[in-house]
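**Student:** Protein chains in written order, with our numbering: chain L, 1 to 116; chain Z, 1 to 899.
Here are the computed lysine to any residue pairs in the SDA-like style, where the Cα-Cα straight-line distance is at most 20 Å:
#	chain 1	residue 1	chain 2	residue 2
1	Z	32	L	75
2	Z	19	L	47
3	Z	32	L	42
4	L	61	Z	58
5	Z	32	L	44
6	L	98	L	13
7	L	61	Z	63
8	Z	19	L	79
9	Z	19	L	70
10	Z	19	L	71
11	L	67	Z	11
12	L	91	L	101
13	L	61	Z	70
14	L	61	Z	59
15	L	62	Z	13
16	Z	19	L	57
17	L	98	L	21
18	L	62	Z	59
19	Z	19	L	81
20	Z	125	Z	318
21	Z	57	L	57
22	Z	32	L	45
23	L	67	Z	18
24	Z	19	L	34
25	Z	370	Z	846
26	Z	32	L	34
27	Z	239	Z	193
Far from chain L, some chain Z residues (derived; all Cβ distances over 10 Å):
#	residue
28	86
29	551
30	810
Don't read these hints as lab results, they were simulated from the structure.
Keep in mind that this is a model prediction, so the values were computed, not measured.
Just so it is clear, CB atoms sit at the ideal spot from N, CA and C, and this is done for glycine as well.
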Amino acid sequence: MKKENKFDLPQGTLDLLIMRVVSLGPIHGYAIAQRIQQMSREALQVQQGSLYPALHRLEYKKLLMAKWQATETGREAKFYELTARGRAFLKDETENWKRLTDVVGLILKGTLEGVS
Amino acid sequence: MSWFWRLFSRKRMDIELDKELRFHIEAQVADKMRSGIPENEARRLARLEFGGIDQIKESCRQSRGTAWLESLLQDVGYGLRQLRKSPGFTLTAVLTLALGIGANAAIFTLVNAVLLRDLPVVDPKSLVRLGNWADCCQNSGPKQDGNYSMFSTETYEQLKRNTPEFEELAAMQAGFENRPVVVRRDAGQDAAIPRMGEFVSGNYFGMFGLRPAKGRLISASDDVAGAPLVAVMSYSTWKNVYSGDDSVVGSTFWMNTKPVTVIGVAPEGFYGDRMSSTPPDFYLPIATVPNQMGGKGFRDPTQNWLDIIGRVKPGVALVPLQEKLSGELKRIYAKDPHFSAADIAKAHLVLSAGGAGTQSMQHSYASNLKLLMWIAGLVLMIACANIANLLMVRGMQRKTEMSVRTALGAMRTRIVRQLLTESVLLAGIGGVTALAVSYGGARMLLMLAFPGDQHLPISARPSFEVLGFAICMAFATGVMFGVAPALIAAKASPADALRSGTRTTVGGASLVQRGLVVFQAALSVVLLVGAGLFSQSLGKLQHTDMELQSKNRYIVHINAQAAGYKDDQVNALYRTLEERFHAIPGVVNVGVSTFTPMEGNDDGYGVHLIGQPDIHIEATNIIVNPEYFNSVGTRVLMGRGINVHDTATSPHVAVVNQDFVHALFKPGENPIGRSFVADEDSSKPYVIVGVVAGTSYTDVRRNGKRPMYFGPLAQPSEVGYAGAIVIQTSHPTTDMEEIARRTLMGINSNLAIQKFETFDAQIAGRFTHERMLSTLMLLFGGLALLLATLGLYGVTAYSVVRRTSEIGIRMALGANRNFVVAMILRSAIVQTLFGLAIGIPVAFYGATLVRSQLYGLTTVSGSVLWVAVGMLLAAACVAGAIPALRAASVDPVRALRME
Chain L
1 MKKENKFDLP QGTLDLLIMR VVSLGPIHGY AIAQRIQQMS REALQVQQGS LYPALHRLEY
61 KKLLMAKWQA TETGREAKFY ELTARGRAFL KDETENWKRL TDVVGLILKG TLEGVS
Chain Z
1 MSWFWRLFSR KRMDIELDKE LRFHIEAQVA DKMRSGIPEN EARRLARLEF GGIDQIKESC
61 RQSRGTAWLE SLLQDVGYGL RQLRKSPGFT LTAVLTLALG IGANAAIFTL VNAVLLRDLP
121 VVDPKSLVRL GNWADCCQNS GPKQDGNYSM FSTETYEQLK RNTPEFEELA AMQAGFENRP
181 VVVRRDAGQD AAIPRMGEFV SGNYFGMFGL RPAKGRLISA SDDVAGAPLV AVMSYSTWKN
241 VYSGDDSVVG STFWMNTKPV TVIGVAPEGF YGDRMSSTPP DFYLPIATVP NQMGGKGFRD
301 PTQNWLDIIG RVKPGVALVP LQEKLSGELK RIYAKDPHFS AADIAKAHLV LSAGGAGTQS
361 MQHSYASNLK LLMWIAGLVL MIACANIANL LMVRGMQRKT EMSVRTALGA MRTRIVRQLL
421 TESVLLAGIG GVTALAVSYG GARMLLMLAF PGDQHLPISA RPSFEVLGFA ICMAFATGVM
481 FGVAPALIAA KASPADALRS GTRTTVGGAS LVQRGLVVFQ AALSVVLLVG AGLFSQSLGK
541 LQHTDMELQS KNRYIVHINA QAAGYKDDQV NALYRTLEER FHAIPGVVNV GVSTFTPMEG
601 NDDGYGVHLI GQPDIHIEAT NIIVNPEYFN SVGTRVLMGR GINVHDTATS PHVAVVNQDF
661 VHALFKPGEN PIGRSFVADE DSSKPYVIVG VVAGTSYTDV RRNGKRPMYF GPLAQPSEVG
721 YAGAIVIQTS HPTTDMEEIA RRTLMGINSN LAIQKFETFD AQIAGRFTHE RMLSTLMLLF
781 GGLALLLATL GLYGVTAYSV VRRTSEIGIR MALGANRNFV VAMILRSAIV QTLFGLAIGI
841 PVAFYGATLV RSQLYGLTTV SGSVLWVAVG MLLAAACVAG AIPALRAASV DPVRALRME
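Put together the whole structure using the sequences plus the hints.
**Tutor:** As structure tokens, then:
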């Protein structure tokens with residue numbers, strides 16, 4: 001295995017990232033991994049061992065739905081998109097996340113100087 | 001897509017998952033190739049990056065909600081396949097479980113039905129019985145210990161009048177001799193049929209809170225002198241004998257030759273006021289006794305013949321109530337001239353729970369059932385040990401399989417779960433089989449305990465509790481002994497397990513396994529010794545000299561008073577019986593008496609010699625005809641027997657038995673010509689004219705301890721009518737019952753046979769308890785031995801398999817076959833010896849616990865011990881020899897190559 005995640009993703013964040021990527025339009029698993037990597041400017045690399053179980057879990061929870069369709073290269077791939085429920089979930093969770101990071105940031109502000 | 005649908009589209013989902021992951025890899029490969037990496041290299045890198053595809057698939061399946069169910073189904077399917085693959089293991093395990101649990105469930109069914117069940121009446125908890133032991137059937141006079149449980153009609157009425165603490169206080173007949181009523185549907189030509197009838201007080205049904213199934217039940221107004229004769233029929237009689245015919249209610253039946261109106265049918269399931277193998281067919285009011293039962297006894301106000309059960313008012317304390325009732329009893333007995341001041345001072349009664357009625361059956365079976373529960377528990381322990389051993393052996397055999405599966409990506413939890421599923425599955429199959437065994441077993445127990453009785457209100461069908469009990473036992477065993485091997489298997493590091501293969505040089509079987517085998521051997525020696533003790537005890541009982549002759553003797557019971565005979569008619573009947581039965585070809589002697597040897601009944605009275613009022617003994621009185629002693633084979637030792645010259649007008653005489661002489665006379669004193677007085681009628685002393693041998697009458701255990709006196713049938717006596725005819729023939733007569741029936745019909749069509757038995761069968765009937773115990777102990781002992789042998793065989797065979805290569809090396813190095821056989825056998829025998837070392841002292845200790853249930857044995861006899869030890873050792877040799885011979889036939893070259 002070439003490299004580890006540069007970050008340890010906090011519990012539940014992967015689901016949020018996946019849903020964010022999927023919210024941009026129907027997309028297959030491989031492309032999701034690629035997109036997360038690109039969007040994080042290569043800082044995050046999602047392992048397949050986490051990606052696919054997460055996709056299946058989200059699908060089971062009816063936050064995502066999937067259908068098989070041809071890619072631009074003509075191969076059949078499983079494309080995921082958000083359900084209405086998924087969309088609402090993503091909105092709520094993103095707001096939660098923002099609030100959480102704001103609060104955490106507020107508290108941690110200036111810590112680095114203090115610690116070092 | 002519902003999860004239900006998903007479950008069944010699992011295959012498709014798996015294909016899609018595979019396709020999805022494959023697409024991912026292909027896309028990765030394509031990307032890499034685009035960046036200039038050659039295809040082969042790109043493919044290799046992609047695979048590496050992707051990681052274990054099967055693990056990812058498994059995680060994906062996990063994240064679907066149906067995973068647990070899917071894997072459960074998968075595990076069950078796999079488990080079933082595994083079990084089918086090793087039928088020997090499966091069969092042994094299932095049989096072991098089925099026998100162990102089935103035996104327990106069967107015993108528990110009976111314990112539940114006999115000991116724990118209340119009567120099917122309203123609020124059985126508030127019922128209280130006056131008295132705490134089962135007295136039967138009819139007696140009078142003071143009791144030695146002053147504890148009374150059976151009462152006269154007068155006593156009942158007084159107690160009822162003076163106890164406002166009871167909502168209702170009801171009385172019921174305490175027991176019967178054979179079948180007390182003969183019943184005929186109409187005055188037509190069909191023969192009268194003997195049936196069980198029970199006399200009950202008018203408030204009997206009201207006290208129990210019962211409602212009729214049809215018509216009405218007996219009420220207080222039916223239970224007064226001069227009321228029209230009525231009866232209530234039991235539900236099962238109505239259904240089974242009269243096929244639920246509605247016209248039965250209100251119609252006239254002829255009972256004991258009197259017209260009786262059946263006013264109703266008792267509720268379904270009500271089997272009377274006690275558990276009995278002969279539940280009542282008819283309930284009759286006590287006030288109709290004089291009309292129904294023409295004979296003596298019931299008329300006597302001092303005759304005790306009633307059990308009393310009452311429903312106490314809420315909040316009544318039982319201790320003061322018991323004091324009060326005992327006081328009442330003393331007052332009543334103070335008026336009775338038969339009671340001395342000491343008898344009155346001693347007189348008391350003890351209240352007991354009345355919810356189960358009069359617990360005569362419970363009293364007589366409690367100790368046996370408890371013993372059987374212990375025994376069944378031991379067998380279950382042996383069975384569990386066997387299962388534990390089998391599962392452990394299996395767990396270890398499959399260590400390699402588990403390692404391979406772990407290496408291939410199976411999750412540990414999944415493996416443990418799968419092994420558990422397998423053992424629970426095994427337990428489930430065992431449990432279901434156990435229920436079948438339990439049903440059969442309970443039926444067999446009932447047949448052994450109550451031979452020939454179809455009317456017992458006990459069902460062999462396992463109750464809800466028993467069902468739960470069996471299933472819990474099965475699953476507890478399965479889980480308990482499935483967990484250990486599962487954990488062992490799961491802990492195995494795949495690399496180690498795969499590397500070490502199957503080669504081992506040490507023991508093979510673990511200490512735990514050997515310990516289990518030792519434990520089994522110990523338990524089975526205990527059970528075998530127990531079985532030996534009980535059959536020895538039975539043998540001793542049956543071969544006790546009962547001082548009688550039973551060959552070619554038949555005993556017919558009739559009920560003259562039920563057939564309508566009066567005091568002044570019975571003597572003529574006795575003579576007719578003698579004449580008619582003598583007229584049958586081949587008949588040698590015809591005895592007529594009140595009771596016969598080994599019948600189980602007796603009629604006791606206080607007796608003292610004239611001139612010696614201080615020595616007061618209780619003696620059994622039987623009235624007999626001249627041929628009686630010859631007919632039952634009782635020898636006359638001194639003086640004479642009863643003869644034809646003893647008539648109503650000749651002197652009042654009696655023949656006494658040896659024990660009577662021992663109890664009242666000094667050694668060497670001549671009893672002939674002496675006179676004694678019995679409480680039955682103190683105005684008429686008996687003159688002793690002869691002494692007979694001490695034939696056993698109720699129980700061989702009491703042989704030689706029961707004083708008896710025999711009066712002539714022809715002389716007036718207070719004892720009831722003679723109901724037993726003993727027919728001695730010169731050769732076996734198979735159709736004697738039919739001949740007797742025809743002979744009796746020829747005398748009077750109301751003379752029905754109440755009971756017909758050969759003398760031998762009557763004697764055997766007295767040993768039913770002992771025979772049941774001995775048979776069951778033998779069964780359980782055999783079962784234990786079988787299970788222990790299986791266990792020993794399993795462990796030995798397992799160690800032989802494990803040591804195949806070791807044995808191969810030994811043989812290659814020059815060990816010969818005998819050495820190998822001896823080596824394997826030795827370990828089997830050593831384990832058995834350890835088991836014996838533990839089991840023999842336990843068996844000796846156990847023997848002291850059951851001493852009271854054994855006859856003529858105080859400890860384990862040498863012969864029993866040697867037989868038990870010999871059987872166990874023989875079983876051990878067989879269990880060891882089979883694997884030992886297999887080990888000796890190992891071809892060293894093949895054994896070494898096998899790895």
